[in-house]
Structures are given as structure tokens and as C-alpha cells.
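Trainee: Given chain A, put chain V in place with the hints provided.
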Amino acid sequence: MSIAIVGTGQTVHARRRTDVSQAGLAREAVIEALADAGLTMDDIDSVIVASGPAMFGAVNQPEKWLVDALGARYKPLVRVTSGGGTGLAGALAAINQINGGSARRVLVVAYDKLSEGALQASISTLYDPFWGREFAVGIMGFAAAYWHARIEKLGHTEEAAALVAVKNRRQAMANPKAHVRREVTVDEVMASRPLCWPIKLLDVPPISDGACAVIFAAGGDAEAITDRPAWIHGMTYYSEADNGADRSMLQSEPLQIAAAKVYKQAGITNPFRQFDVAEVQEPYTCFELSYYEGLGLCPEGGAAELIESGETAMGGSLPVNPSGGCMGANPIGATALIRLAEAAMQVTGKAGDHQVVGAERALVQAGGGWANLRGVAAVGAEKR
Amino acid sequence: MKGETMTTTDAPTASDEMESLAAQLRMPYTLTPGWATGIFLAELGRHRLIGSRHGDTISVPAQDFSGTSGEPTEGLVEVAPVGALQGFTTTADGTLGLVLIDGTDIPMIHRLLDFDSETLQIGARVEAVWSDKPVGSMLDLAGFALASSSESFSPRAVPGDLLPPVLQVDYSMTLDYQHAYGPYYGTLFNAVKYDRRLRGVTCTKCARVLLPPRAMCDVCFAPTSQWVDIDAVGTVQASSIVHIEFIGQRMKPPYVYSEIVLDGTSTRLIHMIGDVDAEDAKTAATPGARVRAVWSDRRTGSLTDIDYFKLIP
Chain A
1 MSIAIVGTGQ TVHARRRTDV SQAGLAREAV IEALADAGLT MDDIDSVIVA SGPAMFGAVN
61 QPEKWLVDAL GARYKPLVRV TSGGGTGLAG ALAAINQING GSARRVLVVA YDKLSEGALQ
121 ASISTLYDPF WGREFAVGIM GFAAAYWHAR IEKLGHTEEA AALVAVKNRR QAMANPKAHV
181 RREVTVDEVM ASRPLCWPIK LLDVPPISDG ACAVIFAAGG DAEAITDRPA WIHGMTYYSE
241 ADNGADRSML QSEPLQIAAA KVYKQAGITN PFRQFDVAEV QEPYTCFELS YYEGLGLCPE
301 GGAAELIESG ETAMGGSLPV NPSGGCMGAN PIGATALIRL AEAAMQVTGK AGDHQVVGAE
361 RALVQAGGGW ANLRGVAAVG AEKR
Chain V
1 MKGETMTTTD APTASDEMES LAAQLRMPYT LTPGWATGIF LAELGRHRLI GSRHGDTISV
61 PAQDFSGTSG EPTEGLVEVA PVGALQGFTT TADGTLGLVL IDGTDIPMIH RLLDFDSETL
121 QIGARVEAVW SDKPVGSMLD LAGFALASSS ESFSPRAVPG DLLPPVLQVD YSMTLDYQHA
181 YGPYYGTLFN AVKYDRRLRG VTCTKCARVL LPPRAMCDVC FAPTSQWVDI DAVGTVQASS
241 IVHIEFIGQR MKPPYVYSEI VLDGTSTRLI HMIGDVDAED AKTAATPGAR VRAVWSDRRT
301 GSLTDIDYFK LIP
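Protein sequence lines, in the order shown, are assigned to chains A and V.
For what it's worth, UniProt numbering labels the leading residue of the first sequence as 1, then goes sequentially.
For what it's worth, UniProt numbering labels the leading residue of the second sequence as 1, then goes sequentially.
Just chain A, with the same shape it has in the complex (with noise of 0.2 Å):
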């Protein structure tokens, strides 16, 4: 079936969102969409909550309170989460769905509100409490130990990846909803603070408070309610043991698999030239690095050439992240909706200052988990 996105809403995202509670906000990025699209909580017929773990905010199964917010008294609503691919899993339940006949028009709002807890706590539960727990570093000690590994072994340099900290947070610039607009350059980065060696402090995204809403439809609904659909041409999401035998973890074997399966369904061949535009969700610059290789791209190893190179940057052969991606806002519960809805904007030619001009088909990618939890998905202008 056909689906389409045909509605996108952000918050404006900030360290700390002192106005509004944790349903205020997922309900501001809501009455965005609703606006884009035209729409009422009326004509929406089921709606997916995604935030991230419920340790993030102290609020334990929080769909329930914001029903309220969310006028969705007496429709059906679940909440999923899956770490920061928790919005891609989320729109993945939304295309179930409608794919499923069980709704036509289905709301999914992402949301975090990180100002209020713990943040390096909270992820470090995620560990086994057995086995390794006590030497956790949230994600990124280990982050940053499969990026040193990937330095050795792939040639992911922290020049290559201080590039990548240089481009997206010189793209947040043009975009009006990013927590961080102010540019930095390579130098900057390498000299910043180390956290977590090799990660440094502006290979870092922001912490962020934030939420985003996108309203998707069937076919011949979404035709009907705007003449500009953002077509689904892809989406998957898949999954790898955690601490199965011989992961190297040099590349991500589900990021490989979902991206397989995904250019399948969307047609691609050449995902470097079939697409116009890639938002993909680098929580550190190291990541998008790793991306690159993972959705094929470059080959392997060939990722610091291919930031080199300028073709990823605004007005390269393949812009990727024109937003700023996490370096501009990472609410991490709604990080992975928003690479979703900026590459709906994108192909249907609502992305103002940061637009790549003539985009008709964009790539997205997004992963929870300790790199074993991967989606991709494919937006198009052209319906399929």
C-alpha cells in the first residue's frame, strides 16, 4: 500500500524547556502538525507515542498522561521506545498500521525532555547490571572505544570525524528549529575538551528538549489531503545480538541489513547517486562517519575521503544532514522522527534556508541500542 507523510511539527528545541511539561511539549509539536497538514485531532485515527527510557524523566509509562494534551481522549494509543531510533520505531508502527487496515491516518509524536534527569546515569542502566555496568559511561565510553578502534582500522581520524562536527553544526545555522546554531572549526573541535577519548567535546551533540510530530496516511487519503505527500518508498528496522560471538563492531551488521532491504523496496541501486539528500542520526560526528560506510555510501574504510571531499556538504553530490542533524537538537526519544520528518520537508520543499534545491528522494537512518538496534528508511516526492 501507499503510504505518505502528510503532515511535519518540531518544537523548538532547548537545553531547557522551562514553559512547558513533558506533555506541553510533545502538544506543541503535535499542533504543528496538525497545522501542516491541515488537519484535527478529529480526523486522526490512531496515535504512537515515542519517547525514549523512562529513566530519561522520571515519568514511568508517560503516554498516559499525555493523552490529555493531546486531545486523543477515546482513540487508540501505544507508546514505543527503542533508545535513539525510538521515532523511526515509532513511525514504523505507523505504517503497520495503516499497512495493517487497523487505521488510514495515524499521529506519531517523539518526544524527550532530557533537561529533567540524569542523562549518562540513565543510559548506563542500559547496561547488563551483571556485566559491565559498573564501568559504563552512558554510551559513549563505549562509542568512543569502537570509534578508536574503527581510527585503527578503518582510518576514521579525528580530523575526518572534527569535519563532520564542522559541516553539520555550519548547517544548523539555516535551520530555524536547532538548539545550537553556531559554527566551529576544525581546529576548534580538535582542541575541545576530551569526554571520553577519542570523543571530544564538539564532536558532542547538545542535550536537548524537544519534541516532533509527523501525521501519516493511505494513499488515496493522503492525496486528499495535500497535494505535496512526502511518499514512503522504504523503512525498516533491525536488530543484532548484544553481546553475540565475534562482533568486531567495525561495522554495524543491521545498519547493512535494514539498508539492503530498504534500496529493495525504494528501487535504489546507487544509493551515493539515486539519493538527493541523507538525514541520518549521528549522535557523535564519529557515527556519521560509520554511516556512510554502513548504508554504502563509500566503501568500507573510505568514509574520511568521502567527508573530505565536500560531495556531503550543502551543495555536494549528496547533502547529508542540511538540518545539522543531532549537532543542532538531540531530544534523543525524538532525534530519529526528526531526520524522518526533515526528509519529508526536503522532498516536498518545505525546508526554507536549509533546502536542497530540486530534492526528490531522501535517505534517513536512525539506531538505538550499542549499535545492534538500525533503521533506514527512503522518502520520495514520486508516489510509489
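Calculated directly from the structure, the hints in this document are not laboratory data.
Hints are not guaranteed to be accurate.
Said to hold, decoys possible - Okay, the calculated beta carbon distance ranges per label pair:
id	chain 1	residue 1	chain 2	residue 2	range
1	A	73	V	91	24 to 32 Å
2	V	157	A	78	20 to 28 Å
3	V	294	A	187	52 to 60 Å
Claimed, not checked - In silico EDC-like links for lysine to aspartate or glutamate, alpha-carbon gap of 16 Å or less:
id	chain 1	residue 1	chain 2	residue 2
4	A	350	A	32
5	V	193	V	231
6	V	193	V	305
7	A	383	A	360
8	V	282	V	305
9	V	282	A	158
10	V	193	V	307
11	A	383	A	246
12	V	252	A	134
13	V	282	A	152
14	A	75	A	43
15	V	205	A	152
To be verified - With the Cβ distance kept under 10 Å, some of the chain V side facing chain A (calculated, not the full set):
id	residue
16	65
17	131
18	153
19	177
20	242
21	247
22	269
23	272
24	276
25	282
Small disclaimer: the values here were computed from a predicted structure and weren't measured.
Where is the CB? At the ideal position from N, CA and C, for every residue including glycine.
Mentor: What follows is chain V alone, placed relative to chain A:
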């Protein structure tokens, strides 16, 4: 738990199991009540109850959004700090009641104070009891007690000197868990605690050695069988140098986070590399480096029974 020695081919049995690992999570929070509830909290210190109007409905505590329509509140009202008891439950820690404040439509839950079995009746008239030392939290309203007079008023316009909203409520959670070791972690950490041995299991299909031990091989999904003793010597697969400090951290930085593949195994052991300068570690504690466990004097039945891994020159 019993400390008898096991041979390497013993299957785990109940007598070998340690029961559970005590783990505590302590998390501080700074919660945001939002505009209407923030004003409700601020005004408690002045002994006023602030509600919110949503069409024909009045909610107290004041809410930003209508539970019926999702629309923002049309405005705030002051309500009388008296009402009627609609329900209650008594626990070892006290009695909680559902109180329908006069003129409002949704009961609020709070503590009931100084009731006895005679007075604790549905329909009883109650009045607010205020805290002597307001701090900007829900407990500035200490609870409700039996009403001493019949004075009340209908919801009315809020006073002109309304306080700005409380923007942040400090909160914390302390959660105690008892994680069951189960037969596999039990056998491993029993051996760690009493014999200073690490024990893995072998997959019946691919013959890989898995640590921590488990019932099934994650890759083959075949059962595991043979127990294998593993030397606490291995190769660094990945490492990073921790400088960041954060709430809830177990160790003082800098330290070297490390994922180590012990000799003969195919899985990752997460620990730290010690006895090395943080700057030297960039090149010395690098992927491929050889390391050996340094056992602690502690015997806790956890990975902290190893103090750290030391680089083998």
C-alpha cells in the same frame, strides 16, 4: 550460597547458584510542571488553591490542557480550600483520599490527616491543612483534615497578585533491585568470588566459547553445553579514555573503558584498564593490546572482583 569447588564439566545446579545481586539506582531530577500547575504550586505557599477552567469543567490542581479536548485552559480560578471526601484507602504509611473541592469537577488525590474510623466516611467535609514551611512543592498542601467550619466559596477570579509559576520541581528516585543470578551468571560469579576463575560455555554447534555464559548461542541459536575455564588474559578489542564526570558515576575519572576478548572466547568483557597514565593509554591501551586481570581483595561475586586489567608489556 555454597562455596564447594566445581569441576570444569559440571552443569550448573541449584546448589551452585548465588541468589541475587543487589543493585541500587539513585537518580536526581528537575521536573517541569508547566504554566498552570506551576502557578498552582506557587500559590500553595499563600494558602490558595488555584484551578483551571476548561469549558464547563474546573480542574484542581490547575492543568495546562483539557483532558476532554486537549485544548489549552481558558483561564485560572481560585477555589475554596474545602471539599467533600469521595473515596479513601489506608496503608501502613497513612491514608490517601480523593477530595472533590467545592465547585470543581474532578477529585484530587492527597493525604488525609487526623481522621479516625468514626470520621473517615465518604461524603465527609474536609479542609486544607497547610505546611508551615512552603518549598514550592505539592506538599506545601500538607493534606486534608475534617472541616472545622462550613465556610466555602464558589470558584472565583484569581487574585491580582498571582505568583509566577514554579518552573522546576526537584525530585529524586532511589530504586533498589535484586537481580537474580540464575544458573549461568550464578556459576560464573560463584567461581569468580570463591575460586577467582572465569567460566564460559561452549556452543554445541559452532564451538565458540561465550562469556558471560548463557543457555543458547546467540548466533547459531543452538544450546550451549560444556563449561570452560577461561584465563583472565586477553586482547583489547576497543578502548576509550574517560574524562567526563557525571552524576551516578561509579569511578573517579580518568580511567580507561575497555572491551576485552579473553583468550579462547568470542565475546566481549567490559572492564577498565588500570595502572596506566591517561595520555599514555592513547597508544598503549589501544585495540590489539594484551591485558591480564588484577584481582581485588573484595569478594562480591561481580566483575568488580577484578580491580582492573593491566597491560602486558
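Trainee: Check each numbered hint from earlier against the structure, then list the numbers of those it violates in ascending order.
Mentor: 2, 3, 8, 11, 15, 17, 18, 24
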